[in-house]
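Trainee: Given chain S, work out where chains G and U should sit, using these hints.
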Amino acid sequence: MKALAATIASLTLFASSLAHAGQASSSPASNSVTLDDVRSVSPALERFAQGTIQGDLWKRPGLSPRDRSIVTVAALIARNQTVEMPRHVTLALDNGVKPGELSEIVTHLAFYSGWANAMAAVAVTKDVFAQRRIATDQLPPASPTPLPLDEATEARRATGVAQNFGAVAPGMVQYTTDVLFRDLWLRPDLAPRDRSLVTVSALVASGQVAQIPYHLNRAMDNGLTREQAAEALTHLAFYAGWPNAFSALPVFKEVFEKRPG
Amino acid sequence: MKALAATIASLTLFASSLAHAGQASSSPASNSVTLDDVRSVSPALERFAQGTIQGDLWKRPGLSPRDRSIVTVAALIARNQTVEMPRHVTLALDNGVKPGELSEIVTHLAFYSGWANAMAAVAVTKDVFAQRRIATDQLPPASPTPLPLDEATEARRATGVAQNFGAVAPGMVQYTTDVLFRDLWLRPDLAPRDRSLVTVSALVASGQVAQIPYHLNRAMDNGLTREQAAEALTHLAFYAGWPNAFSALPVFKEVFEKRPG
Amino acid sequence: MKALAATIASLTLFASSLAHAGQASSSPASNSVTLDDVRSVSPALERFAQGTIQGDLWKRPGLSPRDRSIVTVAALIARNQTVEMPRHVTLALDNGVKPGELSEIVTHLAFYSGWANAMAAVAVTKDVFAQRRIATDQLPPASPTPLPLDEATEARRATGVAQNFGAVAPGMVQYTTDVLFRDLWLRPDLAPRDRSLVTVSALVASGQVAQIPYHLNRAMDNGLTREQAAEALTHLAFYAGWPNAFSALPVFKEVFEKRPG
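Residue numbers (the working numbering), protein chains in the order written: chain S, -13 to 247; chain G, -13 to 247; chain U, -13 to 247.
Just so you know, the hints here were simulated from the structure itself, not pulled from any lab data.
Careful, some of the hints might be misleading.
Copies of the same chain look alike in the list, so a pair counts if it fits in one copy or across any two.
Stated by the list, open to error - Straight line, CA to CA, 20 Å or less: simulated SDA-like cross-link-like pairs of lysine to any residue: (1) Lys239 / Arg143; (2) Lys244 / Asp164; (3) Lys45 / Ala177; (4) Lys244 / Gln149; (5) Lys45 / Gly82; (6) Lys45 / Gln160; (7) Lys84 / Pro130; (8) Lys239 / Val147; (9) Lys239 / Ala196; (10) Lys45 / Pro156; (11) Lys239 / Ala153; (12) Lys239 / Val154; (13) Lys84 / Pro29; (14) Lys244 / Arg143; (15) Lys239 / Asp123; (16) Lys84 / Gln124; (17) Lys239 / Gly152; (18) Lys239 / Asn150; (19) Lys239 / Gly209; (20) Lys84 / Leu172.
If we strip away everything but chain S, and leave its shape as in the complex, we get (with noise of 0.2 Å):
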């Protein structure tokens, strides 16, 4: 028992999960791959979690392990791999993730990723709170004072859209300005920094390349540098799959260089 907790901390990947470990291995990680599974089907694939991954993308400094996290559940979620999604929720928790940041991050993805994709990762992340005693009172309430709308920009984006889109879907069009722009954008328990890394990580992780542009850039006026997309791309490379940050990388180069400055 001590030896496969170890073994489910390590590919964790970071130490601070050594402490929860104990629970860990009655709770819902307990469905989780463990090193020893992998092992017993690629050994190669082990040297790669431990070496690559652990050993070395999670330390690359352009990108906290905070940050490393959000990307990574944004990613799982967008893409609604439920068997890894115990482990890297309790490390998110681990790596300063805020129980109220996790709520609004599958509130943002139930949008984002479509409403099922939300239902499963709350599935997931019951038992993870439940686990951790972290109760209602924790969660950021279902309608707190919104966040300052900022309305120039706001105006500017939905006339956009509305002279484009308003006589082909005007529902649609309709939603995306009340419950979108000015309600889950909203939100003030997670930045909007934050909101849009997660958006950015979704997008590149279920390869929707054609809404990248716009929520990089709008990503990077909500203060996310340069370098930490680049770093979250890199992340993604290994949690989505080559080929979609592969993708991706061509609509960020152009993103990059269209930026003043």
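Mentor: Below, chains G and U without anything else, positioned relative to chain S:
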């Protein structure tokens, strides 16, 4: 138990589910996420579920609850999202989708979203059918009398594809004619308009933008109105995520604009 | 029980599975969907399974059953479709794919379809390996003697990518060289031609059209014939859905036409 059943029924979005909620609680739906689960991770998500989605989206007049169920089930199967399938296959029956139509939707998506997606849908649907005592005699036979074929239109389609791709992948071109357009599409227990609605929904839900123009035009030839198509897209924004809907939006616009009249 | 085993064997598509059906019924495959399940939802789907797919597709001469298994397993892993994996990993062994080759396929797709896809495949494959008494000594070591590297070709690739993207995402460019092309691709227990077949299948199966030209050319450089590539695409129409295959078709055509001779 009663509270749980009520909660499940509430999240199934329509009171018509209520009558079956008692059975549902010991059925496939019991693996589903409840509103209590949702609240324990995100009170905001519960607000969106009950307000925006249940209280507003499903009640919009542009598309009937029956059609919304067809769109939702198609999206879930195309995206292989089993966690929400029991709920929505059950709701589809409540909303007037016939067992034979559900059977045809699964069969159709075996070809339009991949064989394994259909197998996952079979695993869910067989349990719902068992619970509702739907037996094989209510299902379409393996080889029914086919709908009449519009020989001229099909000849035009087949010739175009053969000229373009007959020398590239002759097997695929042949199967497209024999299995899809001279067999699957002629099965009478799902109306061509509904079959098209399933196809377009699956394409939007899985990001297959390049295949939308042909099938959206075909859908409208088969009787889907422009308003219904736009509402289906709006509905899919919630069930397949905003990025998929937004990537499809300019394609819908172009198809609408190019159609005569 | 005997009837069930026969049914499972029948759906596994080849008589060679029959010898193992007895074990299979108390194994990973027992979670799979049986032909009885299929029939209880769609008699038509059973007809397509036994007629079109088992009776025709898998017997086409353009691609061997072994190669069809490689294509199918790659598609299932790339699409994270665990429900059909036990059946097809088992069938792959029956069709002559070696345990070490399956191990390499999982390892390869950790990078080409994302880490969590490989973890889900590990969970299935370890059970199949246990059932077949395949131990670690039959698997490729973590660090085998690599295949010889074609330095000139690799230098050309690396230089091109570095010029294009070295300033955009230096970490990703470096990992692409070090981890993918100077490590993963040189692992000797999966022939480069088969590794390319896995890669191209995964790209088609997950709609990664933009990445197909490079890898289809590489596949043909590695010995995949034009006829085999076309048959793989035809096969993927069934296992990844017609839209993915149709979106890849013009790309295959262009690659075929541009290749000398």
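Trainee: Against this structure, judge whether each hint is valid.
Mentor: Status of the hints after comparison with the structure:
no.: 1; hint: Lys239 / Arg143; result: between (23 Å within a copy, 19 Å between copies)
no.: 2; hint: Lys244 / Asp164; result: neither (30 Å within a copy, 30 Å between copies)
no.: 3; hint: Lys45 / Ala177; result: neither (24 Å within a copy, 33 Å between copies)
no.: 4; hint: Lys244 / Gln149; result: between (24 Å within a copy, 18 Å between copies)
no.: 5; hint: Lys45 / Gly82; result: within (15 Å within a copy, 41 Å between copies)
no.: 6; hint: Lys45 / Gln160; result: between (43 Å within a copy, 15 Å between copies)
no.: 7; hint: Lys84 / Pro130; result: within (17 Å within a copy, 43 Å between copies)
no.: 8; hint: Lys239 / Val147; result: between (25 Å within a copy, 12 Å between copies)
no.: 9; hint: Lys239 / Ala196; result: both (14 Å within a copy, 16 Å between copies)
no.: 10; hint: Lys45 / Pro156; result: between (46 Å within a copy, 15 Å between copies)
no.: 11; hint: Lys239 / Ala153; result: between (33 Å within a copy, 9 Å between copies)
no.: 12; hint: Lys239 / Val154; result: between (31 Å within a copy, 6 Å between copies)
no.: 13; hint: Lys84 / Pro29; result: between (35 Å within a copy, 16 Å between copies)
no.: 14; hint: Lys244 / Arg143; result: within (19 Å within a copy, 26 Å between copies)
no.: 15; hint: Lys239 / Asp123; result: neither (42 Å within a copy, 45 Å between copies)
no.: 16; hint: Lys84 / Gln124; result: within (9 Å within a copy, 45 Å between copies)
no.: 17; hint: Lys239 / Gly152; result: between (31 Å within a copy, 10 Å between copies)
no.: 18; hint: Lys239 / Asn150; result: between (26 Å within a copy, 9 Å between copies)
no.: 19; hint: Lys239 / Gly209; result: within (18 Å within a copy, 34 Å between copies)
no.: 20; hint: Lys84 / Leu172; result: within (18 Å within a copy, 42 Å between copies)
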